[in-house]
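S.K.: First to last, the protein sequences are chains A and B.
Mapping the first sequence onto numbering that gives the first Met the number 0, position 85 (from 1) lands on 84, and the numbers just tick up by one.
Mapping the second sequence onto numbering that gives the first Met the number 0, position 124 (from 1) lands on 123, and the numbers just tick up by one.
Each hint should be verified, as a subset may be incorrect.
Below, computed lysine-lysine pairings styled on DSS-like, alpha-carbon distance capped at 25 Å [as the list claims (entries may be wrong)]:
(1) K49(B) <-> K17(B)
(2) K412(B) <-> K14(B)
(3) K404(B) <-> K10(A)
(4) K86(B) <-> K14(B)
(5) K29(A) <-> K17(B)
(6) K225(B) <-> K238(B)
(7) K283(B) <-> K77(B)
(8) K86(B) <-> K329(B)
(9) K329(B) <-> K10(A)
(10) K132(B) <-> K335(B)
(11) K86(B) <-> K335(B)
(12) K228(B) <-> K238(B)
(13) K132(B) <-> K10(A)
(14) K250(B) <-> K283(B)
(15) K29(A) <-> K404(B)
Hint data in this document are derived by calculation from the structure and do not stem from the laboratory.
Computed from a prediction, not measured in an experiment: that's the story for all the values here.
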Amino acid sequence: MTQITREEIEKIARLSHIELTDHEIINAMKHVEAVLNYAARVQDIAHDITIETPKNNNIERDDIIIPTDPQPILAQAPEREGNFFIVPVIIESN
Amino acid sequence: MSIVPFITIRELEQKLAKKEITREEILEFYIRRFEAFDHTIGSALEIFDKESILQHTSDNHGELYGIPGLIKDNICQKNRTTSCASKILENFIATYDATAITRLKHAGALLIGRANMDEFAMGSSTETSAFQKTHNPWDTSRIPGGSSGGSAAAVAAGLVPWALGSDTGGSVNQPAALCGIVGLKPSYGLVSRYGLVAYGSSIDQIGVMARTVYDNARVLSVIAGKDNKDASMQQTEKKDYTRNLTGILPKNLRIGVVDNALHAEGVETEIINAIETALAVFEKHGASIKHIQLPTLDYAAATYFILSRAEAASNLARFDGVRYGLRNKKASTLSKMYFNTRHDGFGEEVRARILVGNYVLSAGHAGQFYNNAQKVQRLISHDFAQAFADVDILILPTHPAPAFKFGEFADNKLQMDLQDYFTCAMNLAGIASLALPCGISSNNLPIGLQVVGPRLSEELLYQVGHAYQQNTDWHTKTPTGF
């Protein structure tokens, strides 16, 4: 039985770059635990096997530069300056 | 006006060829259908205006000239919003066409709007959409299935003759079955994923929904085939999947009925009866039926949960508020901006799947979960390969019970996830699956079955399905009130 602790959810949420409220952490614990407990059954039968995989030749694409206009993409930037995306400060100074 | 509700693509093509109608009249007809009925089912996030639709296609008299279709909102249409039914992409405008879209436009298709879906294709009921609920046209207190619920509901209600969906664990075939229409999940690598917002990159496919097998094959013919923008594809040439639809069941067809699916826990009697009746039809027309077991089937959902969530966690890492989409503007640092944007922008189900995904990949857990799941995936592929040594196609249920009510699994997320039980094995094996309507339940809800074949067997599946539809009329049944 996988038991998900609060610390584990908080750690995984940090790895996932997702902020969670207290209430959301509790719900996430329940939800994730239920799924993992079901999914854990894969270990009951997992073993190595060699199977035939479809033969596929690696395709190569010619290295031709197709210029793309960056403006439609930059136009959607939450904040921009010229051809740069502006983001909040990376390191907070004290 | 000679267009009737629930008219098929084939019938529309004939009328166009005889110049009985114009494409503008067809478009007008379907736009009016959405205006009249979509407020009751909420299938579309947006219907484009008439002039815009005609400008966003070609004048080629191609295979889908003049035929409107609805596009699931995780498939990029240039200059249209592509939201994946998520707040994090609510105002995102696609800057390019998916390959499937390019091909549809080249064929003269009229792309009428964007279909509602579960957020980022994560769900089996379309309830996780950040914007609206879609209702099953057969009973509006029930879900249409998911995640391509908008696409299925629109076709089922006759608001559009075809729609595109996407299928990672059953998201085309389950809603198709619950809404009484034909769905195809292509073999992995048959249809280009360029422009499909990725959920599980090693299993995602764009799929087709339509009223009949012929219509479905018609649309697949336009979008399938190799694309140098998607290196994960089979190098299949484009082909016309309608060409060999004789209406006659292939000679000496050997059908394997997956008994441990048909009689799995939770499968309702009416579903079993409908499928057994369908088997009798096949037998009557010369097929032989063999009862088989797929021993690893019971592990498919567990395997799918692990692999799909792992890939999703990776694929959704790009949504961070930096370059496009929602940004939490109150954040004082970059890090807080990431954390808060992703909290605000993703719904609960999406967040949970990302957490599961990163958990199963993390140190200390990857061995138990991710590595084992990869091994079981190979076992599942092997099971299917063994089955196909003795039979040509497999038949099994798509769903355990007809469409359920809204909120049915609100307190039991695992049960909701297990709606993928009968479909996700085919995604894991990368093989083709066709959902066909095969019955109506005692409470007037559609029942569908799946016909499954090896990789790149779409032509065979369509031949079987088309023959079935020449000898049954389930695909002609329609919900009342539309």
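S.K.: Please go over all the hints and tell whether each is borne out by the structure.
M.R.: Going through the hints against the structure:
At roughly 23 Å between alpha-carbon atoms, K49(B) and K17(B) fall within 25 Å of each other, so this suggested pair holds. Pair hint K412(B) plus K14(B) does not hold up; C-alpha atoms about 47 Å apart against a cutoff of 25 Å. For a cut-off of 25 Å, the pair hint linking K404(B) to K10(A) is broken: about 36 Å separates their Cα positions. The suggested pairing of K86(B) with K14(B) is violated, with an alpha-carbon distance near 42 Å, which exceeds 25 Å.
Note on K29(A) and K17(B): the hinted pairing is violated, with a Cα-Cα distance of about 61 Å set against a maximum of 25 Å. For the hint linking K225(B) to K238(B), the alpha-carbon distance of about 11 Å falls within 25 Å, and the restraint holds. For a cut-off of 25 Å, the pair hint linking K283(B) to K77(B) is broken: about 49 Å separates their Cα positions. For the hint linking K86(B) to K329(B), the alpha-carbon distance of about 17 Å falls within 25 Å, and the restraint holds.
With a CA separation close to 24 Å, the supplied pair K329(B) and K10(A) stays within the 25 Å bound. Of the supplied pair hints, the one linking K132(B) and K335(B) is violated, its CA atoms being roughly 31 Å apart against a limit of 25 Å. Note on K86(B) and K335(B): the hinted pairing holds, with a Cα-Cα distance of about 18 Å set against a maximum of 25 Å. For the suggested pair K228(B) and K238(B), the alpha carbons sit about 19 Å apart, so the restraint of at most 25 Å is met.
Restraint check for K132(B) and K10(A): not satisfied, since their Cα atoms lie roughly 33 Å apart, outside the 25 Å limit. Distance check on the hinted pair: K250(B) and K283(B) sit about 12 Å apart at the alpha-carbon level, within 25 Å; holds. With a C-alpha separation of about 23 Å, the suggested pairing of K29(A) with K404(B) holds against the 25 Å cut-off.
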